[in-house]
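Here is what each chain is made of, one letter per residue.
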Amino acid sequence: MSNEILNYDKVAEASLAKAQRDGAETMWDRRAAQKTQCGFGEAGVCCRICAMGPCRVSPVPGKGAERGICGANADTIVARNFARMVAAGTSAHSDHARDIVHAMHNTKAEGPFKVRDEAKLRRIAKEWDVVDADTKETYALAHEMADIALEEFGKPFGTLRFLKRAPQARQDIWAREKIEPRAIDQEVVTLMHSTHMGCAADYESIFRRGMRTGMSDGWGGSMIGTEFSDILYGTPTARASSSNLGVIDAEMVNILIHGHDPNLAEMVVLAAQNPEMIEMAKAKGAKGINIVGMCCTGNEMTMRHGIKIAGNFYQQEMCIITGAIEAVVVDVQCIFPALPELAKTYHTRFISTSQKAKIAGDMYIEFSEETGLANAAEIVKIAVENFPNRDAAKVEIPDIKQDTMVGYSVETIIEHLDAVVNSQLEDKLGTVKPLTDVIYAGVIRGAAGVVGCNNPKQQHDYAHITVMEELIKRDVICVVTGCAAQAAAKAGLLTLEAKEKCGRGLFEVCERVNIPPVLHMGSCVDISRILHIVNLCADVRGIDPALLPVVGIAPEWMSEKAVAIANYVVGSGINTYLGIIPQVLGSPNFTKLMTEDVQEFIGAHFVFEKDPIVMVDKIMEDMEAKRVALGI
Amino acid sequence: MNMNLFDIIYDGQAQYLQRAEEMVAKVVAEKGKETPVKFPATAYALPCIYAITGKKVTNVGELEEALALAKEKIHRTNYLQDALDAGTASAMLAEIIEAVKYVYDEHPYAGRTVEDLNTADVRYLGHITDAEVRNFGVPLVTGDIPGVAVIIGECKDAETLAGIVKDYQGKGLLTFMVGKVIDQAIEQKIKMGIDLRVIPLGYEIESVIHVVSVAIRASLIFGATPPGDFLAHRTYTKNRVQAFVNVFGPWDNKIIAAGAAAIELGFPAITETFINEVPTLLLHQPDNSKVVATSLEVRNIKIKVTEIDCPVAVSSAFEGERVRKDTMFAEFGGNKTECWELVTTGDLAEMEDHKITVVGPDIDDAMFEGKDVVRLPMGVVVKVAGKAMQKDFETVLERRIHYFTNYIEGAMHVGQRNIAWIRLTKEAFEKGFRLKHIGEVLYAKMRSDFDKVVDKCEITIYTNAEDVKRLGEEMVKPIYAERDERMGSLTDESVDEFYTCLLCQSFAPSHVCVVTPERLGLCGAVSWLDAKATKELDPMGPNQPIVKGEANDERLGTWDSVNAEVARTTQGAVEQVTLYSILEDPMTSCGCFECICGIMPEANGVIIVNREFPETSPVGMTFGELASMTGGGVQTPGFMGHGRFLIGSKKFMSAEGGLSRIVWMPKELKDDVAERLNKAVKEMTGIENFADMVCDETIASDSEAVLEFLESKGHPALAMDPIM
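Chains A and B are the protein sequences, given in the same order. The numbering of the first sequence is our numbering, which starts it at 1 and goes up by one. The numbering of the second sequence is our numbering, which starts it at 633 and goes up by one.
The shape of chain B in the complex, shown without the other chains (with noise of 0.2 Å):
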């Protein structure tokens, strides 16, 4: 069957902008020119547009502007470069039809307006924030999300495609859905959601956009590629967003020209109706059973497979799941029980690799006949043994314990030593699913993902009361103290060797951490200790030391050992950092950092804003506003991207004057970081519960009422040098 190709994306492109024209036109007569126009939650405007051509839409008016660029790129020939071109159109149109839908509809898709997704009736979520953009970042360089799906079409039954769903969420791919196949999923109650990485988008073929604007905004963000140069863009996503596209049922001209524009950006498309090939761009596989491999093949993802004896999946896709009370068989822990885990070295020569022991009632003990819900103590003992093992990445392996819980389908952990808290699902325990499988999961992650350390490992579950506390009490609290005597002790000044992570350089290739024990990587994820551990467990990887010699000065914190370090590894793209200012060469930022900080000259100190605060700041900026103004390796002096973990450090701008600048923080991010903010500010000034002179969003969160607020607590900044 011939067929000429690029007539079906010239087309296809030919719809979207006949309906791009009308709807254009549609607005202009009914809002006017200058009604705004934009996305919720982004600081990119319509970001495909904003990447390809550098120009930011922000009203009505403005969207003419954007048809007419659109328009340039339509030249019809026989040239795949004037082809590809249609596709990129096509994206560009495709946007402006979205847009348009949100000038008319706050929530044009009404997925976003529902407290749970997975009972709503209408699931579909349009456009991605930034926020949720930026919260892929860190599993995305770990190579967590290997991939990114994107289905389009209906598929010839709802089994087929909740198979074919399941089987890349189980891979922990990313899957955004566009079309019948929504419905399908809901069929066949696929969970789905931002944090379950399967993403309902919309049904009609233009809501694919908002999947396209996640890799650009990835270019934007992590790449700090210059808006308008969209051959970068298109370089960034062909080399580090290993997206994919399948499509199921007939496919129509408008799917085609949106395929090419995948295409353009080096998203390789699948169908499952004949289409004549492009050899590693363009496939047609009609068999639904092999579209995954064929997938994962041609845009060359491997899956790292860790055979696990576990009757539910084991997934990083599930790690964002939740378990309700309704869902809710069995809860460890949350203040009804004890909970704690530990990770301890045992003799290698002494273990029995692999046994798992549980010792105690277990989920399906006859006592809980009857009972809505089993409460249970838990206490976790994961041993390890490994000729290459110490005893300060007992902890690392610890706090994997969580994610590694979080994986299980039907299981949710929160919390870590002693305030764990774990909550299994009816329906995973219907499946078959005991606490032994608790053990085959830790067993399985331990022994694959610390492969280098781990040569053997036992796990131990206790489920008595009197075990639980008593081993509490007598193994398991000492320990933790010892711990945290270590740490304690762990300082900037007390190490000879700093860290490099260059784990995000897949996604922002300038951009490089300094990790000190007391400055974590800015995405929160990786510690000192973390670094340390991953230079043992790969030695050619990510992390690699600096022996950090005499200090430059010590109040900016400023090395010539890690100026070297940063010039090489950013290929000369920064030269100078500091690790203790937010004002002279900051450190730079991927654009995955869990919090960002910035100055507030009026209060004489700074804001923090965290990811998940979707409301504008103080200074007049949104999370993603702020973010933008750093990221993809940029320094911008004033901004500063950081973990969570950092405000409680000492070394917090110190070169600034440190913690006591903080003025103003979103209620929840301050709640999170009260005690440890409140020990180091009593430790280094002297003041009492600093926490609570910090403002945030429920007392104030304009300017004046802000400094109003510093102003009646006394608040320490507004007392110290100017910081400008």
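Next up, chain A with everything else stripped away, as it sits in the complex (with noise of 0.2 Å):
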């Protein structure tokens, strides 16, 4: 097993030497029993899409076999295999938006699930032009709204409705392209259609269609997902919390939470609060019950409840190996089939949840939104009751965690900048244009989205905090969401002091609107936040959100869902950059129409680049060409 690309990070390297002399198995020992990776799948080019293969036509143009046995050329097997990436991760995202429309379905005032953020029901429900808005009774107002978000998925006829939320210009340039996407379902099941052997062969066309469905996961099941998880359990608001390894506690019930969705979370929260619960902890000998997150389920807990962040993606083992989490309790994605396996090692629980993401070899509790409260209750029970297993000896939690600032949701951040709106002048409250004003007056240079996984072929966090510390440095403002959030919340960048760190504009900037210079906005859903204020911005100003000085970036990405967000984000007209390069590059053709071509008529394209410091040089250039072109 080799350390060598752990070095970043010291918590690692004494985890994964306790792993060691644990006897547990970690994914560097299976990276390393992966040896060379294949070059093929890597390219992009081995297509398995019918029984007649796998075939596999040569990465280098002009070398080898140039086509498969149908036919299908490299350009062909690469653009299809990217685009059932877009597909799945359309997928992963709307269905849990689905979950939570479903949870939505099943409020009812006295609970489990009910209306926390009744304002923001009725504002969508207007926004969606649902008639009486304003008056018609919450619960009520709630299931239809329910109803019309699950005919999202489904409707026969029309495109999505939160496309209306951007600004005309770009409204135009999708009914233009045709990329409005239609229903999420159907965007998904026709572009497995259009993927399927001996069906679309015009890569142009596949990219095209993969492009609309992943607009299908922005404004569709992730915007679906982030708003009504907003109107289940609240808008998150600005609140302090800890992360890192470090806020496991070596004397209470430690339960972690993993995955995606915020349903089986909340009722673990919420059962966890019980007063019976926390007796029976402390006659158990623990101090008490404490709940700490990982990945996005992670998230939305921080920033609505202030919840712990226990770490990213690829620290889901260490947690573990620490020997002090009483119960893993996971729903859905990004969650490694290793870990029944780990947790054996120690005293440790596994619990999968979800139907959809059962996992062998420990328990499977289902969850279901009917009976969600008392599945959670079941599950810290178990928890609970496992604590005096723990063995002492094999207890290490390293002793490291840092303060963070989390929970910018669009209306937080609104709210924040209220606070330096003049009230004698004809500025009205409740608008993004203060941020627009220090973006056109060059205080600072444009905005980033810092987003995406862990990926063993990026030294794990590295790339995230050098690209927004470099960002940062260059009065560049970083909003982050996902691992990369929870990675510039370990680098004590998601903190007020973290304006030290940044250039004099981006300092003032934090400074006067009292807001850390890399803004934690939520979840891997929750980039819908980024799409959705960066558009609010375009729209103050009139223009196509592709003129505005801001990019979306991927240092670390590995999952299907950041293709989708990747398509999704450059058909809203923002260049993405990405520090993983995707399996494409054994077509340089189609390698071509994503780093170039698509500029022509979406107005934004893909960078990929592998090194950190490069790409913030070419984000640089891209704004200050942006700035330019705007005259500011």
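No lab work stands behind these hints, which were simulated from the structure alone. Beta carbons are placed, not taken as given, at the ideal position from N, Cα and C, and that holds for glycine. Some hints here could point you the wrong way.
Said to hold, decoys possible - Anything over 10 Å on all C-beta distances counts as not near chain A; from chain B, calculated:
(1) Glu653
(2) Lys922
(3) Asn1321
Stated by the list, open to error - Between beta-carbon pairs, the in silico distance windows are:
(4) B:Pro918 <-> A:Ala419: 19 to 29 Å
(5) A:Glu497 <-> B:Lys821: 49 to 59 Å
(6) A:Ala419 <-> B:Asp919: 15 to 25 Å
(7) A:Gly430 <-> B:Thr938: 29 to 39 Å
(8) A:Gly430 <-> B:Thr690: 50 to 60 Å
(9) A:Glu621 <-> B:Asp789: 43 to 53 Å
(10) A:Val540 <-> B:Thr938: 53 to 63 Å
(11) A:Lys10 <-> B:Ala657: 58 to 68 Å
(12) A:Tyr139 <-> B:Pro918: 40 to 50 Å
(13) A:Leu270 <-> B:Glu1129: 55 to 65 Å
(14) B:Gln820 <-> A:Asn514: 38 to 48 Å
Using the hints, put the two chains back together into the complex; each one sits in its own frame.
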């Protein structure tokens, strides 16, 4: 096992040494066992969508087999593989959203699922032209909205409702290029159809259809997921939390919630607050119950309740290796199938809860929106009862944690911006104009959304942190979600004090608006929040978002969701920088389409750059060019 | 409308650079490198360049070095810090340009040479002296001057400009003007002058540096901020100098570059013409009627509004207004008629709040028809009552009559008690001002400023000669006598508590005054009784009691209790002070002291210079230069700032021999303090008419001649133990 890649993170070093001592296997062991990864797969030229294959064509044009058995060339194979990643990613976010909408359907005044942000419910109802949005009885309205939202997944005609949030200029481009997404399920289905054997064989057409599917994620599934979660669980507000493995408490019953969906986690938090449960924990010798979060479930819970962040994607095994976790409770997405086996090295119970993500190896307690709180109570009880089984000799919690500020929803950002609006000017409250003012004035050069996962192809968190630190130094404000956000939390960038690491312009903005230079906007579905705020900025200035000096960045991405995201971000007119090169290089045509040609018809493109410093240099050039074009 | 703000700043800066380079080359060629360069009456050379770089420019040759230092700040990039640095460079270059003007002409700003600014043709004033800066100290810390407005450009019409300036003046702000707004203010007969807080600097944008220099010197003087530590200076100005900029009419690139310098110092700018806004720093306010409110809000300046029924403005900005004979309508006192004033405590139950009575003829009485000037005797009785009112506070409130009356636009008040002297202008009379309005002003201010102790207030103004005389004798004199007795018995030994005064800490964070009965605050504005009253008015406020306990050293005046409190309130910056010595751990000062005393070793004594005295003292330094040795909470043995009133205190440097060490004072100061000084020295040493033994500038100012004079008078200091 090689630890070289981890020298950025001292926590990891100690943790992996302990894993070795405990005889536990980790992702690095398995990564090493993989040896050199498949070059054909890496280039995207391996096709196994029909049983004549698998076929692989040469990743180098003019050399070896240039066509599969059916005649599909590298362009078609790469395009189809890429498009299918988009479909899978879109499915993940959107199916997550559907569960949230189902929870909304189950809301009632006495809970456990209830409407916690009624104003937002009514605001969106109005946005969706619901009659009597202001006056209708809350739960009648909530149920009606749930029905309408469910229609967004499968309505037979029309395009998605949230597209209207974009400035007209962008909507016109979508219409012109025919990438306005229709019902979410339809977009996924039709893309899977297109990429079926013997269907589409025009790489540009496949790419465009893929982008439209991605758009149904960003402006559909993800946006519904975000907005409806806010209605159900409250719109996040700025709050303090703490991050890294040190938040695991040796004297408490520790429950790790991991995955993406707030439904389960909200119920677990509720169950753990039950005084009877706390008494039971005390009776077992613990001081109480400590819930810690990981990945996007962690993000959802920290930004609404201040639940501590144990870590991001690559730390999921390290959490268990501390020997102090009573139960790992998971819902969906980004959960290593390796975890149940690893948990057995310790006393930890691994509990999977979703039909969609049943993981063999330990326990399965099915969670449903109808019986949520009872399911959660059962889970918490198992954890509490497991406390006496902990082996003190195996407990080793790294003494590293970092205070952090989280919860910057669009609403919260606007609330902060309101504080700098002079009441004597014509400027209204409740807008992002102050943000566009400082961008137009050059005080900050632009804004970057830094998102995505961890990937052993990059030094963990190093690319995230380098990109963010370099950007804030150069007066670029960052907004972050997902595992990138947790990397920022651990590095101390989500603090008011981090303004000291900024260029003067961003420093002034942070000080005057009283915000960190890197703003935690939530989980990966919450990239829809980033889309929303960029579009609000463009709207204030009356321009297409593609003209603004803003970029999307995924320095360490790995999941198919990230591919869907990149597609809708580019589709929304925002240049997107990928620190991990997608598996497309086997088709120079497709690569050129992504990185250059798409600019012509969408007004934005992808940039592949592994070196985070070089990436930042390119981003600055990009932003300055946009500034010159705007005359600012 | 999109614009590249940084390009605008860099272009403005380039224009300053070009002009500065041309002017420096010219002055070097024409005057030579050895020719001195200085602004009048400042100890801080070219103050902005000195504060920013630590470099004291003293001659033409050094202007070239200053030019090089300014260029070092210029780095054209896309980042705010560099754009702001270009603003800072612009400020340095503007200061160089202005300094060259002073090389060619002793008075490049003609307003400095005229007798009455408000009748002169040319009114601009240019550089503000150290003494003038120090004068702003007390009103700035008390919030009497709640902010500083810098108005640049040309308003669309003079009436609008006048409205805005009057609004600032009425709110007590200090207003500096640059450009054609000055002409507009003159056209609209705005009363201007340093005392009136409306200060015309000059027509060229470069003259704006003279207000930047005021802010920077506040940092040097009151903050004791080290020269060269620009970050510390701009932190000081941002946090403590409540200034902002208003730009009227179309702006040009030089104005915006100067604006960048202002923003770097923490001063927001508001423009009338469109500019790309930066919230809280750079605002576009096209509506002139909202510019005042916009500015106050952006700098977070809160104005305490007291509604007063009065036909003329009432504002601290008018405190320095003089009423000359030719504009005078009515006069009370001033050796022509009798005039006295009294604050006394009444019975809360019997009093009728806001009862204002004028007994006798008013200034519009028929008998004055056709007369040149209205002269009347006046007796003002302010009767107050309140649950927390104490007899000792009566004099504190009574001294405020002077200020409150002066706040009236068109009124001048001089003196106190039965030597009060009041004048009113024709303009005020024409606007409908009558004697009851004096009552309205006194009533409103007593109620608002002393709301904790004054629950009810009645004002009676007597103008019948007979009443004024009779009440003066029967009611007023016995009260004055009783108070004098009480004051005489108030000594450092007779009280259990001293008071800290932290009023200045908003400007001088490491200074604290210890106020005792015999040692008032060094600004001259806070006596022991004032401090005691302030504690009552604002229990958590700037004056807190120190229970003095046993003295460690009676001679030096040291107490553990005092040291502990000084160390605590200065956050450890000062750990020990003596109250009666200027050589051992002398008390620190903020910088707004009225006087400074310094040792004159050859005379075995001390000289005292007051702020108003512009010339060089026998120790070879001006007030400004002496003052720059201390201030900002720094202890400098041998130098001490103090109030005028301390001259006459038996505790004045009593550890070194006391008042009889004084060998030289400016004549005006000497005359002012002579009576008290003579009395105290007589009681201490038996020497009669000590003031006559003290030299002044009309006798001699060079060391040898001073010594000669002292010897001829047999000055006691010459025979005392060596002072050093």
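Pairwise beta carbon distance, tyrosine 139 of chain A to proline 918 of chain B, judged against the given window 40 to 50 Å: holds (48 Å)
In this structure, is the beta-carbon distance linking leucine 270 of chain A and glutamate 1129 of chain B contained in 55 to 65 Å? holds (59 Å)
Evaluate the given range 19 to 29 Å for the C-beta pair formed by proline 918 of chain B and alanine 419 of chain A. holds (23 Å)
Satisfaction of the hinted span 38 to 48 Å by the C-beta atoms belonging to glutamine 820 of chain B and asparagine 514 of chain A: At roughly 42 Å between Cβ atoms, asparagine 514 of chain A and glutamine 820 of chain B fall inside 38 to 48 Å, so the hint holds.
Per the hint of 50 to 60 Å, is the separation of the Cβ atoms of glycine 430 of chain A and threonine 690 of chain B within bounds? holds (56 Å)
Given the hint of 49 to 59 Å, check if glutamate 497 of chain A and lysine 821 of chain B actually sit that far apart at their C-beta atoms. Since glutamate 497 of chain A and lysine 821 of chain B have Cβ atoms about 53 Å apart, the given range 49 to 59 Å holds.
Asparagine 1321 of chain B non-interfacial with respect to chain A [C-beta, more than 10 Å]: Since the minimum Cβ distance to chain A is about 62 Å, asparagine 1321 of chain B lies beyond 10 Å and the statement holds.
CB-CB spacing for alanine 657 of chain B and lysine 10 of chain A relative to the 58 to 68 Å hint: About 59 Å separates the Cβ atoms of lysine 10 of chain A and alanine 657 of chain B, which means 58 to 68 Å holds.
Valine 540 of chain A versus threonine 938 of chain B beta-carbon gap, inside 53 to 63 Å or not: violated (41 Å)
Has the hinted range 29 to 39 Å been met by the Cβ atoms of glycine 430 of chain A and threonine 938 of chain B? holds (35 Å)
Using the C-beta atoms of alanine 419 of chain A and aspartate 919 of chain B, is the stated range 15 to 25 Å upheld? This hint holds: roughly 22 Å between Cβ atoms.
Check the non-interface label on glutamate 653 of chain B: least C-beta distance to chain A beyond 10 Å or not. holds (27 Å)
Hint compliance for this structure: hints 2, 10 are not met, and every other hint is.
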